[in-house]
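Visitor: Going line by line, the protein sequences match chains Y and L.
With the numbering used here as the guide, the letters of the first sequence map in order to residues 1 to 466.
With the numbering used here as the guide, the letters of the second sequence map in order to residues 1001 to 1238.
Possibly wrong hints are sitting among the right ones.
Claimed, not checked - Which bits of chain Y does chain L cover? Going by a derived footprint, with three or more residues having C-beta under 8 Å, they are:
no.: 1; region: 241-253
no.: 2; region: 269-279
no.: 3; region: 282-289
Think of the hints as simulated: they come from the structure by calculation, not from any bench.
In this text the structure is predicted, and so the values were computed from the model without any measurement.
Positions of the beta carbon are idealized from the N, C-alpha and C atoms, including for glycine.
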Amino acid sequence: MKRLLPKSLIGQLLALVAITLLIAQAINIVLLYRGAQNQKIVEASVSAVGRITGEVERINERGFRERRVRRDGSPRVRRNRPNITAQSSIEAGQRRLPAVEERAARAFDNMGIDVRAVEVVLVDMVPANMTNSVIGLGRERRRLRAIGYRGTVNEIDGYIIMSAQIADGQWLNIASAVRDRNPKLVRTLFFQTAVIYLILMIPLIWLGRYISRPLKALTKGAQDFKPGASDPIEESGPPDTKQLIAAFNDMNGRVGAMLDEKDVMLGAIGHDLRTPLAALRVRVESVDDDNERERMIAGIDDMDRTLDDILSLARLGRTDETAEPTDISALIETVADEYSDMGEHVSFTRSGRITANIRATLIRRALRNLIGNAVKYGKQAAITVDKTDDKLLIHVDDSGQGIPENQMEAMFEPFVRAEISRNRETGGSGLGLTLARAIVRDHGGDVVLQNREEGGLRASLILNLN
Amino acid sequence: MSGQTHILLVDDEASLREPLAEYLTKQGFRVQQASDASQARSVMNAFNFDIILLDIMMPGEDGLSFCRHVREKTETPVIFISAKGEELERIVGLELGADDYVTKPFSPRELVARIKVVLRRTNNGNGINPGSGSIYQFSGWTLKTDQRSLIDGEGVAVPLSSGEYQMLLALLSRAGQVLNRDQLLDITQGREAHAFDRAVDNQVSRLRRKIEADPKNPEIIKTVWGGGYVLAGDVKTL
């Protein structure tokens, strides 16, 4: 059921209006139809009352007379006049119409006609004994004499039979055709409903678009939101929506300002920490003890790398570098060479050319972190590249102890380091994997860790191609 | 004046400027210090300098603006000392006509090596960085010096290490000229080769892996037996 519901505002609005209108029209149609049904019967009963009144008056005036006979002896047919019987011609089990009976009794009363009882039923066919006492039938017995509504011939929709008991206890019986005055009533009502729908749709669609278009623009604006870099969304639509968009634009501005502030602050931190670090680095050169000096330099370099990682992580997503098609093999080779130059064991066999759209400085940093971890904690880094249709996987395998499965995800948390690295005082910021994953995720890919069956850890950098 | 190289060191941080000046003096340079751009201007009126070391972030007029001023007036080479390692900063600096940059914290030895490289380049008549950066086109490749990027015929960037970049630039700017290992080391690293130095051969073979169709039969960087390396083929400079 939920699936059938329209998803958009305008769709739901239209569906709601359509359903409401349908219900209203249905009630309307039922009422009108029932009204028309009643009306037909009332009309038929009015003529029946008229005939009986006439007959009663005639009897009162001339006295009751036996039916006259023709010269040949056959009884003269008194067409369309009530017949007279000792018993009511209405049988039990027929569909009585009490409302009509009551109404007829009142009418007789009003006219001063002495009628003791009135019985009225609705039947489909005129009973055989009453074929000569029917109002509204021509010679053809099925067609109506009257011309109906707008030139159509009215259909006969059953008959009522009225029996009235007069003062002397006899019953006058008359049938009256129920004429369907407007057989196209239902069709007319449906046509009317359709017209109302069409007329309503136009302003509704317009209203829906008026409301939903700025909302859609707002949704898109929020989805594509780049702090500080997004253009403000045009304020349009109803006043509420305008206010919402204005508030959103305002928020956009504030977020942008906050991020700008953050960037300025980070720049200042970077500057203020790097300058004394640089001073220290220069002074260290005058340390005579070679061993001591190298250790101090390593310490300063470590601090610098940590600072760099922190600043990069904080600035991620705000870089000005644009993604460009880059030769991935050459990139891996460059990073691998950096480490082999430092005397680390890094192997990479170039396997043809692979290009991907990346921000090379950032991916280089991510790779550097993965390879750096491998040589630091896993003695060596063996790099292989796997390419599927839409993915590029760069695996960095080491020969270390791996990481317990339950600590695997925690490795990506900032400042979390594996036990082994803490024990060995290998240093590092604890941001390497965090930063690598953040960079690659920013590219729409991911970094995952897994223990290798042969022992050691595999870090995979996964990039989406295209 | 002696044959000493005369350096102008501009940095607002005395804590860095003073030990650095001391270190450079020990290395045999003559160093003049300035704590901001205006002081640097007045010092420049009084002396001639061989090279300027310039901090980018300074109160008042910043390093970039001062570098532009220097470029308008003189041909003195400039090396930026920047606390920002952001790629953009480097490009802006090099586009403004700086000849090189180091990022804080830097190794003073590396700074000295870079000073020597820049001086050698300018003294060899190759001139200072023209500012907008040059574009070299060779064998379907394009090297843009302002972005330090190497791009192939299909527009794909091929990342180079800074050593490889320096090596390629040295060979490109002297295309057709045979350069021996000593010359290449001198141009790219400002140092002399020690015995059995494989640094140049290493860089060349790495470069070949990246740019040659068949690194075993190089077409672009050719080996001259007993001589050194030469960049073959046409080079267009834009």
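Visitor: Are the hints correct? Go through all of them and say.
Guide: Status of each hint after checking the structure:
Chain L is given as covering the region 241-253 of chain Y, and this is violated because 0 residues of the stretch bring a CB closer than 8 Å to a CB of that chain, at least three being needed. Counting residues of the region 269-279 of chain Y whose CB falls under 8 Å from any CB of chain L gives 8; the rule of at least 3 is met. Under the rule that three or more residues need a Cβ within less than 8 Å of chain L, the assignment of the region 282-289 of chain Y holds, with 4 such residues.
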